[in-house]
Amino acid sequence: MNRLLLLAIVVIVGGLIASLSLFNDQLANAGSTKKIQFTQTITSTPDPGIGHSNEQMAIVLPPNSGSIYHGSITYSSSQPVQVVVLHQIDKSDAKGQPTWTVDGNTLYAQTIIDPNSTGGSLDFTGSAIGLHSINSSQFTATVSVDGWIRVTTPEIIQSTVTTPPAENYTIKFAKSTIPVQIPMHEGTVDGKTVYYIITDSSNNLVANTISSNQNWKVQLSPVLAHVPSISYGNIFIFTNGITGNGTRGYQDDVLSFTPSDKQYSPLNKVIEVSWDVGRGPFILNSTKAILDANMTGKIKLTVTDTILNTPEVIWDGGALNVRTNKILLDTTSYQNGQVLDVNVDNMTATFVGHRGWGPDGKTIYYIITSGTPEGPAQTMKVQNVPLLSILGSSARDVYQFANGLQGAGPFGYQEGISGAQPGDSTYSPICKISIITWNDPQNVKVLENKNDIDSEKSTGNITVQEATTLDKNYILDCPIVNP
1 MNRLLLLAIV VIVGGLIASL SLFNDQLANA GSTKKIQFTQ TITSTPDPGI GHSNEQMAIV
61 LPPNSGSIYH GSITYSSSQP VQVVVLHQID KSDAKGQPTW TVDGNTLYAQ TIIDPNSTGG
121 SLDFTGSAIG LHSINSSQFT ATVSVDGWIR VTTPEIIQST VTTPPAENYT IKFAKSTIPV
181 QIPMHEGTVD GKTVYYIITD SSNNLVANTI SSNQNWKVQL SPVLAHVPSI SYGNIFIFTN
241 GITGNGTRGY QDDVLSFTPS DKQYSPLNKV IEVSWDVGRG PFILNSTKAI LDANMTGKIK
301 LTVTDTILNT PEVIWDGGAL NVRTNKILLD TTSYQNGQVL DVNVDNMTAT FVGHRGWGPD
361 GKTIYYIITS GTPEGPAQTM KVQNVPLLSI LGSSARDVYQ FANGLQGAGP FGYQEGISGA
421 QPGDSTYSPI CKISIITWND PQNVKVLENK NDIDSEKSTG NITVQEATTL DKNYILDCPI
481 VNP
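If you use UniProt numbering, the sequence shown corresponds to residues 1 to 483, in order.
Hint data in this document are derived by calculation from the structure and do not stem from the laboratory. Any given hint could turn out to be false.
[Stated by the list, open to error] Estimated spans, in silico, between C-beta atoms of each pair:
| id | residue 1 | residue 2 | range |
| --- | --- | --- | --- |
| 1 | 52 | 459 | 40 to 50 Å |
| 2 | 278 | 191 | 23 to 33 Å |
| 3 | 104 | 229 | 37 to 47 Å |
[What the hints assert, rightly or not] Straight line, CA to CA, 20 Å or less: simulated EDC-like cross-link-like pairs of lysine to aspartate or glutamate:
| id | residue 1 | residue 2 |
| --- | --- | --- |
| 4 | 450 | 466 |
| 5 | 288 | 276 |
| 6 | 381 | 316 |
| 7 | 91 | 466 |
| 8 | 192 | 261 |
Please read these numbers as outputs of a predicted model, since none were measured by experiment. We put the beta carbon where it would ideally sit given N, CA and C, even for glycine.
Using the sequences and the hints, build the whole thing.
Have a look at this one:
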């Protein structure tokens, strides 16, 4: 997989704008029906559907929520291909027919027309249409489409992923990716050992205390204090009792869930645990054990207002993917995992640090620990965490580029720009991705801060749109870190 696949997943199934000129020129509005008529050469990418990663797909007309395409297609391909027509259905309607999905939630019935030919012509009706190969060899096809889209939910559509620019339109920076070593903590979930990191706190005193204890900076994020209550778990931190390696110097902290659980979130509310005199102490290694001890008066629980970002690195039955290739290149930094090394003996985890710009143009580095929806998360080989999807209103905006100057960004173009950074009242380790598309290649330039984005947007040089996959925002746990 390459970085274009990550862009393709967001573009193809999310209605992301990478180039509007094709349809701007060729769509004729007719109430809720629009004319589609074009000829286009497209190149396949690995199929983003679950279970199809070793196959190739070239989307001709992408899924467009609430809309139906109908018309005719003529194609000529560099190798024999199938024609695939997708039909969006509810999960309850999946009763044995072939289906296709990117995230396991939005489902499409799949019609496969297999002429075993490099060319052909046919009529179609469906939610999307593409060309498909069951082998992993990339193919190129030229297609002509003459048809209509019946739009019931207005949504911008896109026909192709923009081709990378020539090498002479490249921007390169020193240290675009760096290794970031972060101290790990040992805790328990339901009696089983987990290892996790602490990157951010909603409380300044707690952030400073943990920073001092672990000798690594925990960032202040006041926004975390206001996240929805269903978006976090609990972390029980002991304030007295048995001396140990917990956050406050006593027994190991106890967390609610692991990434194997649907309820898992990297965010946890701090609940302080203190032993009553003469009633202990002894080891409590699960939420149930703690609640039982509280019910019998052995301990006192104090629910604080502090929310921590505590991404788990190793848990019972799982771990974050560790890259086999430790060499960091601009072209592969967002592939094959975001962890370079995990050392349980030294209690450290080393992440890939990605360079970007802060809102004021200062250099920042951030790591990626998890994301959602499943398609983009799988492409980067980070944990898919569905609960992140409800944190859009509490996330900072991060702007990535879908075309323009080649660089070390996730889609192969210049590095992204963060809408907030540590020290800002709006900074959050959770980020919501938006996509910047240059409308005219002649106007491409380096953008270095939020003011640059606003200026180019006001003149019409760029289009800015939230990245979505099947109507779901592209959300990451990507805390800004001190390298």
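* To do: Would you pick out the hints that fail for this structure and give their numbers low to high?
  => Hints 3 and 7 are the ones this structure does not satisfy, whereas the remaining hints hold.
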